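Peer 1: Letter by letter, the chains look like this.
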Amino acid sequence: MKLSSIRYLIGEGFKNVWVHRFMSLASVGVLLACMVMMGVAILLSVNVDTALGSLQDQNAIVVFYSDEMTDEQAQIVTTTIADMDNVKDAVFISKAEGLERQKEVLGSDYAALLDYLEDDNPLPNAAQVTFEDLEQFDSTVLAIEKVQGVTHINEQRDIAAKLNSIRSMINNAGFWIVALLFVISVAIVANTIRITMFSRKREINIMKAVGATDSFIRVPFMIEGMLLGIISGAISTGLLYFIYKASTASIEKSFGMTVVPFSDFAIKMLLGFMLMGAVTGVIASLISMSKYLRHEGSEFNAIT
Amino acid sequence: MNDIFNTGTDTPVTPPAASAEDLIMGSFASEEPTVPVQPAPPPAPQPVPAAVTASQQPLIEFRGVYKVYDNGTHALSDVNLKIHKGEFVFVVGASGAGKSTFIKLLTHEESPNAGEIVVNGYRMSSIRRRDVPKLRRTMGIVFQDFRLIPSMTVFENVAFAMRVTGASTRSIRKRVSYALNIVGLGDKARNLPTELSGGEQQRVGLARALVNNPAMIIADEPTGNVDPNMSYEIVELLSEINRRGTTVIMVTHEHQLVRDFGRRVIMIEHGTVVADNGNGGAAR
Ligand SMILES: Nc1ncnc2c1ncn2[C@@H]1O[C@H](COP(=O)(O)OP(=O)(O)OP(=O)(O)O)[C@@H](O)[C@H]1O
Ligand SMILES: [Mg+2]
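Protein chains in written order, with our numbering: chain A, 304 to 607; chain B, 35 to 318.
Incorrect hints may have been included.
To be verified - Computed beta-carbon distance windows for the label pairs:
| no. | chain 1 | residue 1 | chain 2 | residue 2 | range |
| --- | --- | --- | --- | --- | --- |
| 1 | B | Gly232 | A | Ala549 | 39 to 47 Å |
| 2 | B | Glu229 | A | Arg324 | 33 to 41 Å |
| 3 | A | Leu578 | B | His108 | 14 to 22 Å |
| 4 | B | Asn105 | A | Leu578 | 28 to 36 Å |
| 5 | B | Asn259 | A | Leu578 | 30 to 38 Å |
| 6 | A | Ala549 | B | Ser205 | 51 to 59 Å |
Said to hold, decoys possible - Selected chain B positions facing chain A (in silico; Cβ < 8 Å):
| no. | residue |
| --- | --- |
| 7 | Ile175 |
| 8 | Ile183 |
| 9 | Arg197 |
| 10 | Lys208 |
| 11 | Ala223 |
| 12 | Arg242 |
Simulated from the structure, these hints should not be mistaken for laboratory data.
All values reported here derive from a predicted model rather than from experimental measurement.
Beta carbons: idealized from backbone N, C-alpha and C, even for Gly.
Turn these sequences into a full structure, and let the hints steer you where they fit.
Peer 2: Here is the structure:
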């Protein structure tokens, strides 16, 4: 296709968005609705995922050491554990620190009780160990148990496993919601374009009569669909920003929970939605056009 | 080679001699539609008599053509004819006789059920899908209901036919005003079709048909929606275009027009050609 044709066809695509502005508005509206729903699903799953991730990080196991070891020895064993495969971090907790922590947990009323124990601390030395990959939880725990001086391990295996499965469930659900909404928006936009295609059938037939190739007829429609998609992608990201800001403000206030800041994924979301919008628009216009490009006899005259 | 098409067998498909086909394809198949920037050549002499042109390759040729629509209507039966370059042909006949079907076969809107049609070197039985637009660029099609795009100006409606060929903006500007001047609408270029009379709209349609300097103009009842005076003007314009060398095929119901212009007349009745006062050797 020649450059002058391409320039003309792109111009026609832009023009069509305006000439058929009611259809454009309808398509953008549909896309916006779908994209905002998609965005809400994505934002929810990102936040739940992050929250669960931080829970997992806190899901440390506690390794208790034999009383026969001195604090220095226990510290050396802790560094050995910290160097092991799949261990993210190992923090030594001395007897004394352990007692302090217990006091904090029990509160001031009982703290006084514990003060009596200070001279004869019954708590063992310990270490708090976090993992890199929870899939390898079991094997890592086994390895730590074999370390000299480790008496026993306080593990919460099932909680780790549950958190893992909830995370993957949420990720899966997010993916399917997005995929479903994508298919729905392609279908609805294709239908919206098809409605006006009926009124543009005449134009298409005239194009055929003067010898336009299929691609020449198709390109402006594809550009039009692409533009509508990109516009929808940009607007929906903007809308999501306000929705997110408004809803997270109240969540943070009432639950004291921190959410992922929008800026963390704003660019990714903007580009992703614009790309998705463009793809949706092009696919939808191709679908809605195919019927009119097929040769079905009397193509110039089958218009009234 | 005339005998090949004159044998008068009743079999729907008359297999033509391979050499004849090759000659046809050889002389036209490579011909690309061109968009000359220069105005059309000076008036050519009046259409040469059929007897003289019979030896040349016809621009259009029907050999034993049958068209049956899906609903079983026999629209055309065993049509054999040739139309040579430079001819002006009226196609007449009662309503439902098959005239529009004849036109649709020329433009490859419909395909024949049997027989062979060759138009400007393209064989309709074997034309590739991607060659159909090329075929159509060798013809200017004029419709009874004008078929202008309402959202485009007169200029854009005419320019459109050139845009599909990938013509440059410069040559488009030149050719479109040239074509609009021929039909006497040079001053209406910026108007919308709805701002024109029926006759003027049809002249825009005519300008669009001739802007690519096609080998032929095909018009199905171009005067059907305009008043009688304008009808004459439109046929005058077509005659003028024909004098410059373009073949014209025009379907009409207006017998007075046909009589007054005194050109070749093909008469179709119930799907068969019943009279033809100048069929280049293929009359039956
Ligand atoms: N698409 C179609 N499907 C089925 N039958 C058709 C179709 N088009 C035309 N016909 C039939 O084929 C016959 C010839 O139709 P055609 O349109 O060629 O006639 P015509 O000579 O152009 O008539 P008119 O002068 O009224 O325009 C008619 O009987 C018509 O009903
Ligand atoms: Mg007709």
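Peer 1: Indicate, hint by hint, whether the structure satisfies it.
Peer 2: Evaluated hints:
Between Gly232(B) and Ala549(A) the CB atoms are about 59 Å apart, so this pair departs from the stated range of 39 to 47 Å. The supplied range of 33 to 41 Å is broken by Glu229(B) and Arg324(A), whose beta-carbon atoms lie about 22 Å from each other. Leu578(A) and His108(B) have their C-beta atoms about 55 Å apart, which leaves the hinted 14 to 22 Å range violated. Asn105(B) and Leu578(A) have their C-beta atoms about 48 Å apart, which leaves the hinted 28 to 36 Å range violated.
Evaluation of the 30 to 38 Å hint for Asn259(B) and Leu578(A) yields a failure: the beta carbon distance comes to about 49 Å. Checked against the hint of 51 to 59 Å, the pair Ala549(A) and Ser205(B) passes, with Cβ atoms roughly 58 Å apart. With a least beta-carbon distance of about 5 Å to chain A, the hint placing Ile175(B) at the interface is held under the 8 Å criterion. Among the interface hints, the one on Ile183(B) holds; its C-beta lies about 5 Å from the nearest C-beta in chain A, closer than the 8 Å criterion.
A distance limit of 8 Å between C-beta atoms decides the matter here; for Arg197(B) the minimum to chain A is near 6 Å, and the interface restraint holds. Annotation: Lys208(B) was flagged as interfacial toward chain A, and the flag is violated, the nearest CB pair being 14 Å apart, outside 8 Å. With a cut of 8 Å, the hint placing Ala223(B) at the interface with chain A is violated, because the nearest CB-to-CB distance is about 18 Å. This hint holds: Arg242(B) has a C-beta 7 Å from the nearest C-beta of chain A, less than the 8 Å allowed.
When held up to the earlier numbered hints, the structure conflicts with 1, 2, 3, 4, 5, 10, 11 and fits the remainder.
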